[in-house]
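Colleague: For the record, the sequence lines run as chains A, V, C and G.
In this text, residue positions in the first sequence follow this note's numbering: the first is 1, and each later residue adds one.
In this text, residue positions in the second sequence follow this note's numbering: the first is 1, and each later residue adds one.
In this text, residue positions in the third sequence follow this note's numbering: the first is 1, and each later residue adds one.
In this text, residue positions in the fourth sequence follow this note's numbering: the first is 1, and each later residue adds one.
Since the hints were made in silico from the structure, they are not lab data.
Please note that the accuracy of each hint is not assured.
Unchecked claim - Among chain G residues calculated to face chain A with C-beta under 8 angstroms, some are:
| id | residue |
| --- | --- |
| 1 | 81 |
| 2 | 85 |
| 3 | 118 |
Values in this document were obtained by computation on a predicted structure and should not be read as measured data.
Cβ coordinates follow ideal geometry from the N, Cα and C atoms, glycine included.
Spelled out, the chains give:
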Amino acid sequence: MKVKVLYFAKLREKFGIENEVIELPGERAYAAAIVDLLRKRGEPWSTELALDSGNRMAVNQTLAGIVTPVQDGDEIAIFPPVTGG
Amino acid sequence: MKVKVLYFAKLREKFGIENEVIELPGERAYAAAIVDLLRKRGEPWSTELALDSGNRMAVNQTLAGIVTPVQDGDEIAIFPPVTGG
Amino acid sequence: MKIQVGESDFDPGAEISALHAGQPRVGAVASFVGLVRDLNEGDSVTTLTLEHYPAMTEKSLRAIVDEAGERWSILDATVIHRVGRLQPLDRIVFVGVASMHRGDAFAACEFIMDYLKTRAPFWKKEGTPQGERWVEARSSDETAAERWKG
Amino acid sequence: MKIQVGESDFDPGAEISALHAGQPRVGAVASFVGLVRDLNEGDSVTTLTLEHYPAMTEKSLRAIVDEAGERWSILDATVIHRVGRLQPLDRIVFVGVASMHRGDAFAACEFIMDYLKTRAPFWKKEGTPQGERWVEARSSDETAAERWKG
């Protein structure tokens, strides 16, 4: 399966990209699997996406948790806690 | 002692006056003494100023209770519960 | 602090701007506009006449805003209340509070409205097809004001 | 319902009017304006740049207003949020809620702001004399949003 991953704010700057398509084995996965995969890339991914980093995720433009299911074609966003308003 | 008494809203209409000066014996009194005196006038005073009528008072333009002291020259207002806003 | 009581209408946008224009410490303005509805207690309302106790009105509003300022961190506040004869759709009251952060602005604004409703000397008389009648105080307003105690 | 996200400024007075003009059932409009302050965490702020997640922003704001509408009796609501580069004194956000009675309007307006602060995909970057920095989320915002649960 292929999913599109978007980064915002500090993560976008640290990673130097706004979005990318990544490929995972299988037809379905938990959102956590994507973060696990990215974290294995080493720095700055491992630090910025550390388990205690406090980042949030959205799956298809809706706030999601690490056990939210994702499937081929989904849009996954990873970002720091929001600070609008 | 003489005090000025003002009536508002429904009380003003029922009594047919906006204000009057009334005289009480002594130099000081509780605000309740004024209402007692007015109530003795008979109708419509006795009904409109009945103990359970829910009316409010102000002494010198500040919300007051029946044990608020009043003295010569004070301005006493008697009115139904307020309904502004 | 701005307190205004009179027959003339007001401009909520201008009042909000006045609470923050040129004040870079203000991060939040909470405001409220109260309006005449065309229905009350199930009856249609064609006019609303507001009576007040002129010598006491501004004094009581000022005291309410002062109390809000003791309870919350506020930078400025405006209260405008109209009197006289109004119609459905007309504005009645404006309360605006400027503050550094939104929590103080919201709380102080709602507090001022709740206290105004139960402590400021205004009385409403409605004109309906059945004639005129004085609006009864609502116990829910007293309950709303009681919330702020203790 | 009106949801607007973009670079342009807005007119709070016009937005408030739009929430009640010609609507004689509306008795209350509670509103909030958020502004750029020139000081944050003790440092002076010269610019504020707002980034967002365009595909998600309006969707999340709409969901927040819908939830407010399930919790309180509201007649209409407007949320406007600016993005891009702002300066101290600039308006950032407007939330306005029209309702029959003030309790619903106040509660829904504050709820929408609290949820917007913790659930809508906006991020602030401050320019200070020491350089640029991303604004950290405040735990007080999370606490404010938690209040509405249960």
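Colleague: Identify whether the interface hint at residue 118 of chain G stands, where standing means a beta carbon of chain A within less than 8 angstroms of its own.
Modeller: At 7 angstroms from the nearest chain A Cβ, residue 118 of chain G passes the 8 angstroms test, so the hint holds.
Colleague: The hint names residue 81 of chain G as touching chain A; please verify it with the least Cβ-Cβ distance against 8 angstroms.
Modeller: Since the shortest Cβ distance to chain A is 6 angstroms, the answer is holds.
Colleague: Have a go at the residue 85 of chain G hint: is there a Cβ in chain A nearer than 8 angstroms to its own Cβ?
Modeller: With a closest approach of 15 angstroms, the residue 85 of chain G hint is violated.
Of the numbered hints stated above, the single one contradicted by the structure is hint 2.
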